[in-house]
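Keeping their order, the protein sequence lines are chains A and B. Numbering follows full-length UniProt numbering, in which position 98 of the first sequence is assigned residue number 98; successive positions increment by one, without gaps. Numbering follows full-length UniProt numbering, in which position 222 of the second sequence is assigned residue number 222; successive positions increment by one, without gaps.
Incorrect hints may have been included.
What the simulated footprint calls covered on chain B by chain A, stretch by stretch (three residues with Cβ under 8 Å from a Cβ of chain A suffice, anywhere in the stretch; the number is not a length) [what the hints assert, rightly or not]: (1) 21-31; (2) 132-144; (3) 152-164.
Listed below are the simulated PhoX-like cross-link pairs for lysine-lysine, each with C-alpha atoms no more than 20 Å apart in a straight line [what the hints assert, rightly or not]: (4) K128/A <-> K169/B; (5) K106/B <-> K106/A; (6) K116/A <-> K169/B.
Some chain A residues close to chain B (C-beta under 7 Å, calculated; not the full set) [what the hints assert, rightly or not]: (7) Y60; (8) E62; (9) R127; (10) D155; (11) D156.
The set of hints was computed from the structure by calculation and includes no laboratory data. Model, not experiment: these values are computed from the prediction. All residues carry an ideal CB built from backbone N, CA and C; glycine is no exception.
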Amino acid sequence: MSYKAKKCGVRFEPPAIILVYEQEEGKHRQRIMPIRNFSKFSDCSRAAEQLKNNPRHRQYLEGVSLEQLVRFYRLLKAHLNGESLDVSLNTIRREETIDPDEDLNKLDDRELAKRKSIMNELFEKNRKKKDDPDFEYNVEVDFPQDGVVESCGWDDELEDGF
Amino acid sequence: MAGDEQGVTEVDQQKYDADENVKIICLGDSAVGKSKLMERFLMDGFRPQRLSTFALTLYKYTTTVDDKTVLVDFWDTAGQERFQSMHASYYHKAHACIMVFDVQRKVTYKNMSTWYHELREYRPEIPCIVVANKIDADRRATQKGFNFAKKHTLPFYFVSAADGTNVVKLFTDAIKLAVSYKQNSRDFLDEVMRELENFELEKPEDTSDKEEISEGTESPKTV
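Only chain A is shown next, with the shape it has when bound in the complex (with noise of 0.2 Å):
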């Protein structure tokens, strides 16, 4: 049996995941998926990965990502811990995105790991795979350079380098 996902979000009282999915062409059904035993000092990817895991829920996550889980207990612990909606956004939004200027070679091995699964995400997205039907081993496309009026705008700084 496959569930296709097309909704899915978190609902704070009483705490539980819900799934909006199509069963069979176009009838939507629901899945609430009550949140037990979770606290404000409970681990966000531990409470996802065993959400993703439970064999009862599991054929009808299949087309959530694990990282979308882990965003919605932590909007919820962030709820247990008082603080506003829009505040936990920002913040989830802000460690999701790679700041252009940061130095990646200056970070330890867990905060390169961190912002490398992000870029991978985008990555993934993109790809295109051996098994797709329009996959081409060489892709060559030309990016004429001589015609180009608009600069990378990064170039001034370099002047004064090597």
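Using the hints, position chain B against chain A.
What follows is chain B alone, placed relative to chain A:
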């Protein structure tokens, strides 16, 4: 990390003097996609040899250039770039360099100056290709001018390890450049190295490394 420095020199680099062997190094900041580019080029054929104590990953690849078999070793940094500098043996005997930055992160473009400077200290003459990666994330980048390559008269490629744009072209061109550099090298340091090695003719040749090479990867095929 002092222990590691000893270790790097243990990687046998004698074989890079043999006609059919070339060494191509990758340079660039953390997370610009160096390994992802390697993996996209080699596809299923990739069998990296991780020398984690040396912060180094080796990818072996076999191909033909002008009807001659070429055994390519690609050297990837495996985190060594985080010491802001590579060990001298990383550059030793390299025949070409692929230098990568991320079109979404200015700092990786700016840091190329440092990488390029270090490269030229050790290898003043080898061909170096400048690579703008991750154009899938920002297509507009391909319409912009990046002057670094022009300033140093280096070839420049827009690529994407995710969707494959220009990846195969980049690596096949790098191999051709490495081979032609090796054949026509007038590199002063190379000449000196050759002269020095002639003094050691009595030394028995160690061929063990060649067996290891022969199980190198097949050319990936288009599916």
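Outcome of the hint check:
1. Remark: the region 21-31 of chain B is confirmed as covered by chain A, as 3 of its residues place a Cβ nearer than 8 Å to a Cβ of that chain, reaching the required three.
2. Under a criterion of three residues with beta carbons nearer than 8 Å to beta carbons of chain A, the stated coverage of the region 132-144 of chain B is upheld, 6 such residues being counted.
3. Counting residues of the region 152-164 of chain B whose CB lies closer than 8 Å to any CB of chain A gives 7, which reaches the minimum of 3, so the coverage claim holds.
4. Taken as a hint, the K128/A and K169/B pair is honoured in the structure, with Cα atoms around 17 Å apart against an allowance of 20 Å.
5. For the proposed pair K106/B and K106/A, the alpha carbon gap of about 15 Å is at most 20 Å, so the pair holds.
6. The straight-line distance between the Cα atoms of K116/A and K169/B is roughly 26 Å, outside the 20 Å bound, and the hint therefore fails.
7. At a threshold of 7 Å, the smallest CB-CB gap from Y60/A to chain B is about 29 Å, leaving the interface hint violated.
8. Contact between E62/A and chain B, as hinted, is not supported at the beta carbon level, the nearest pair being about 23 Å apart and thus beyond 7 Å.
9. Given the 7 Å rule on beta carbons, the hint for R127/A holds: about 5 Å separates it from the nearest Cβ of chain B.
10. The interface hint given for D155/A is met, as the beta carbon of that residue sits about 4 Å from the closest beta carbon of chain B, less than 7 Å.
11. Proximity of D156/A to chain B is violated relative to the hint, the smallest CB-CB distance being about 9 Å (cut-off 7 Å).
Hint compliance for this structure: hints 6, 7, 8, 11 are not met, and every other hint is.
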